[in-house]
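Undergrad: Respectively, the protein sequence lines represent chains F and E. Per the working numbering, the first sequence starts with residue 1, numbered consecutively. Per the working numbering, the second sequence starts with residue 1001, numbered consecutively.
Derived by calculation from the structure, the hints in this document are not laboratory data. Among the clues, some could well be false.
Now the stretches of chain E that chain F is said to cover, found in silico as 3 or more residues with beta-carbon under 8 Å [claimed, not checked]:
1. 1071–1084
2. 1091–1102
3. 1112–1118
Okay, derived cross-link-like pairs now, DSSO-like style, lysine-lysine, Cα gap no bigger than 27 Å in a straight line [as the list claims (entries may be wrong)]:
4. F:K105 to F:K70
5. E:K1097 to F:K121
6. F:K121 to E:K1122
7. E:K1054 to F:K70
8. E:K1097 to E:K1054
9. E:K1054 to F:K121
10. E:K1067 to F:K111
11. F:K70 to E:K1067
Heads up, the beta-carbon is just placed ideally off N, CA and C, and yes, glycines get one too.
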Amino acid sequence: MATRQNVTPRTGNGGSLQEQQAQASETALRPPVDICENDEGITLCADMPGVSRDRLTLQVNGNMLMLEGKAQLELADQMQPLHADVRATTYRRTFALSNELETDKIEAHLKDGVLTVHIPKRAELRPRRIEVQAS
Amino acid sequence: MFGYIPSLGSPFAEFRRLEQELDELFGSTVWSGGIRSLPPGTFPAVNVGTTPDKVAVYLFAPGIDPKTLEITLQQNLLSVSGRREIPVEQNATYYRKERFSGEFRRVISLPEDVEPDRVDAKYTDGIVQITVQRRAAAQPRRIEIH
């Protein structure tokens, strides 16, 4: 169950305006994220419970990174809702990336509903420590 | 400059419309006044669905070790407690920390006709699904007219 799943990011030029509007009108949950940066790059973790690898989309469009996933619950026939904290099945969130990040080297994996995305920085732009020579 | 932008409409009107639609869909009154209900955003989020023969509870608990979960059912009170550890990266700058970390506990009242001995739980893609069977007597019976 706790298998590590690799996700290939998809690069595209986005959908038509109609598609974008249709997406915007659909209710989407905003998954909570943790974002941290070190010398190598930026790591983003997002909680997307109920999303499996085949229902997850990671898209880089220009400098925008979009995460989208559809959650699936195992519902019995004729089930009546008694209580619902979660009232939508689509997660979506978009982040603006900056130029020093290598968008074609994004790595992602999904495990137990947690998506981890690592965006490396370009090697030439990583901070270098400058040694001070003692005289 | 950043005043009202007509093309976007009023965001609040949109919110109200959405809220209304969701309330119509799920019924806002069902649990909203429950004495054990928790404020929105509490981890883990819970959905409960019923059929005539069972009650299904879904806990949205991504990234936990299911072995550390403690699930108990006393009469019709279901308690779930556990812990989610999020490792903190050393030598890293954090820009956002929105994900829940730490211990959690939720108590959920189920319909009174559940059978505490017939429970089953599983963990898939970050969702804990607990299924409890209901007593046969509570299931609707079709009454034949002779």
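Undergrad: Determine for every hint whether it applies to the structure shown.
TA: These are the hints, each one checked on the structure:
Beta-carbon proximity to chain F at under 8 Å applies to 0 residues in the stretch 1071–1084 of chain E; the threshold of 3 is not reached and the given coverage is violated. Coverage of the stretch 1091–1102 of chain E by chain F holds [criterion: at least 3 residues with CB-CB distance below 8 Å; count 10]. For the stretch 1112–1118 of chain E, the stated coverage by chain F is violated: 0 residues have a C-beta nearer than 8 Å to a C-beta of that chain, whereas at least 3 were required. About 24 Å separates the Cα atoms of K105 (chain F) and K70 (chain F), which keeps this hinted pair within 27 Å; it holds.
In summary, the hint linking K1097 (chain E) to K121 (chain F) is supported, as the alpha carbons are separated by about 21 Å, within the 27 Å threshold. Between K121 (chain F) and K1122 (chain E) the alpha-carbon distance is near 39 Å, which puts this suggested pair outside the 27 Å criterion. Between K1054 (chain E) and K70 (chain F), the direct Cα distance comes to roughly 25 Å. Compliance with the 27 Å bound is thereby established for this hinted pair. As the CA atoms of K1097 (chain E) and K1054 (chain E) are separated by approximately 38 Å, the hinted pair breaks the 27 Å bound.
With a C-alpha separation of about 51 Å, the suggested pairing of K1054 (chain E) with K121 (chain F) is violated against the 27 Å cut-off. For the given pair, K1067 (chain E) sits about 16 Å from K111 (chain F) by alpha-carbon distance, which is consistent with the 27 Å threshold. With a C-alpha separation of about 26 Å, the suggested pair K70 (chain F) and K1067 (chain E) falls inside the 27 Å cut-off, and the hint holds.
When held up to the earlier numbered hints, the structure conflicts with 1, 3, 6, 8, 9 and fits the remainder.
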